[in-house]
Amino acid sequence: MTFDLNLLWFLLIGVLMTGYAILDGFDLGVGILHLTVRDDTNRRLQLNSIGPLWDGNEVWLVTFGGALFAAFPETYATIFETFYIPFMLLLFALIFRAVSIEFRSKQKYSIWRGFWDVCFCFASTLATFLFGVAVGVSMIGIPLNERFLFMGNIFHLLHPYALCVGVLAVAVFAMHGAIYLYLKTEGELQKHARRNFWRMFYFFLVMYLVVTVYTLIAVPRAIDNFTNYPWLWIVVILNVLAVANIPRAMYLGRPLYAFISSCCTIAAFVFLFSTALYPNLVTSSVNEATNSLNIYNAASTPLTLTIMTVIAVIGMPIVLLYTAIVYWTFRGKVVLDEHSY
Amino acid sequence: MDLDVVFLSRLQFALTIMFHYLFPPLTIGLGGLIVIYETLYLTKKDTAWKSANVFWIKLFAVTFAVGVATGIVMEFEFGTNWANYSRFVGDVFGSALAAEGIFAFFLESGFLAVLVFGRDRVGKKFYYFSTWMVFIGSVFSSVWIVIANSWQQTPRGSLVQQMTNPSTGEPWFIDGAPQMRAQMQNFWEVVFNPSTIDRITHVWAGCAVTGGFFVLSICAWYILRKKHMDFSKRCFKVALVFTFLGVLASAVTGDSNARMVAEQQPAKLAAFEGHYETGDGPTALHLFGIPNDKTKTVDYSIEIPGMLSFLVYREFPPKTPVIGLDQFHPDDIPPTQIPFQAFHIMVALGFAMLGLTIIGFFFWWRGSLFKQRWLMYLFVIGILGAIAANELGWVTAEVGRQPWIVYPPMQKTTDGEILRNADGIIQFQQAEWPTLEGGAVLKPAGLRTRDGHSQAVVQSQVLFSIIMFGLIYTLLFFVWIYVLNEKIRKGPAPVGEAVTPPEGFIRTAGEHAHDSMTSLREQAQDPSKLPGTSPIPKKPDKPSDTPDAYHGISKILRMFIEKFKK
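These protein sequence lines map, in sequence, to chains A and B.
Per my numbering, the first sequence starts with residue 1, numbered consecutively.
Per my numbering, the second sequence starts with residue 1001, numbered consecutively.
Misleading hints may appear alongside valid ones.
[Claimed, not checked] Facing chain A, according to a computed beta carbon distance under 8 Å, are these residues of chain B, among others:
1. Ala1069
2. Gly1101
3. Trp1221
By construction, these hints were calculated from the structure, which means they are not laboratory data.
Cβ atoms here follow ideal geometry from the backbone N, Cα and C, with glycine treated the same way.
Working from the sequences, and respecting the hints, build out all of it.
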């Protein structure tokens, strides 16, 4: 078997997406849960638990976008023009989120802080939901013509299945965020995070079952690859085990294990999503065989992919190194000091 | 003007990029100064520099956050509004964008966290290292995006080719049309295309000027108010040198840019100068004027004869005419009015800023720099000039690129002469667009702006997003200004004073307002002190320097809050 650069970049883009989902996942989750605490100090504690990190986490999305653009420009173009309105709303949410975090602490008026609190929570929820919808729509497929141009309308993007995946995304990130908050806080706030965790876990469990069943019914193509590559079932089993380990670890009072398990769960979701698509990047609901964008017909030239591989080989270890440095610097329980938000 | 998708998409891109570009030059330039101040702190062991940097880093962080948020928009818009362009350039442009993400953004955002939150968590040396990393990260981010943009202006290292259909291995046609795109041939030729160096250095110079004037402006304002004098004077002097070097570099790189444009994109330079007819003799330089497309002259202009030929060709006495717009096909000519005005105002602002910094040096030498109140006022408003010059520079470059989104290179003969057809019209390099029958049609090896937009997007969608961005950005801008203003009013913490107030929270600028609110609340509890019931209403403590407009707003806010509390 020759070395398949296209497959490599499909995997690398998956890695970037996983990195984004795990890392921004917990800070979006903290945002979703933000309004569940009432008083200012606790809200500040929650906000500052992600304070130094959220910005760097969002860079994974930017790099994911850049890598998609570079490796599979046709896919990038088709997805972005198709999802015009949802992506504009996503930008709206991301801008408001960033701004809320940054500006909330600049005044002490309760009305000022309350306003940005609501913005922060709403924007985090909307962004998460839209990510989920985008994943859901990709699973279902969209009508493309032979030029890979979208021929549908907004209702193709509001398929009930996609909306379900959107809700699942909110549930996953909220749960993920609750575990993160449990790790980073102490005392009453930590107990509060624990209560939140259980609520979100049941919410997630329900959505997980709903979406799994719905996928099997609505997207039969999703398990095609499992017949070709039976070893993929291992990932499914690991996924179930990871999900099961989250409540177990929380029950035993080992939040770090729970957090790692929820990271694994998210990674498994991204992996299964990629498996369901492979070798397609965007599946066309019309003439699937010819009108879909796959990792070959949507790709850049081998030369570009080679250059990007060199860039990634040099760049990724450095990125991981200083991501680790920053996370290490801000380890431990969150405390408010003069530099906090 | 026709409100079609292309026009609206251009409008939206212009709006969002111009808004975004308020911030990066500020953070890059200020990042450089922060590195210098931190170096001074470590070498001179003077804590005054440290407390100065605490202040600048706060302003940096707020600006950076807005820059990041508006920057994501730009990346999305390549796909959402310019999908065809993305398909065409992805193979070349995409790797620069990916490199930017990997090399620059992670570096910036990671170490900025250390800079803003980590002063007490990491050692002095690591903190110093972080200031460098943030600065280098922001410089890297400018490198990659300017490389990508420069390739769009002067493409090299790539060819416009037909794609191969991966499923058949044959040339790819869809509906009889060839699948064409720019494909990379040589990465380093893409990176070092003829305009990269000139443009990146000019951008950096602009960043230094903006960051420098930002500091000068704030310090000058404090000096006028006789506040934070030690802080202001020391920061001002360093920033003045920094800015002067920046303006000087702008002039030098600006000149070499113009000569590069004359060689690579003569139509663009002709548009800068409203140079319609080539003529036979040396070409004059217009100091100002209004280009008139109908009469093909520049109205109300004052010109220096032969000056443009002198600047472009460096000949004295000048004799060679500069290429005019008449040597281009009418379809390939950029609009003249906007590039002309933007270019001339940018240059004028550049000279004004150069003059201002030199006057600053003069009075510094005379030892009376900070006593010249008129000069300080000029420095306060100088930041507007710096920002305007940066914006106008990009307007010049990008509108001058029209009607191309990817500019085809000039066709040259083997001895380097520009190729013209029988009518004397300049020829662009051609690419073969194969036909199904086995022949080929020759077209310029570029992409026109009108062919670059997203075909799946309709007018109403873009209209929606323009309105959305218009509203958000207006809000964002005012909030940014407001927060910045609060921080500036609060000013840097005095040297040696414990920065940490009793309850361990950061004393934000808002506390000012909060303090006066407390006094208002006290009044509310004591009806005799309420304004209106008492014959001489006692005003809440108000800092003497509070601008009246601000006070008015805060008064309304406070009334509103009191009502809300009830």
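Q. What hints, given by number in increasing order, does this structure fail?
A. 3
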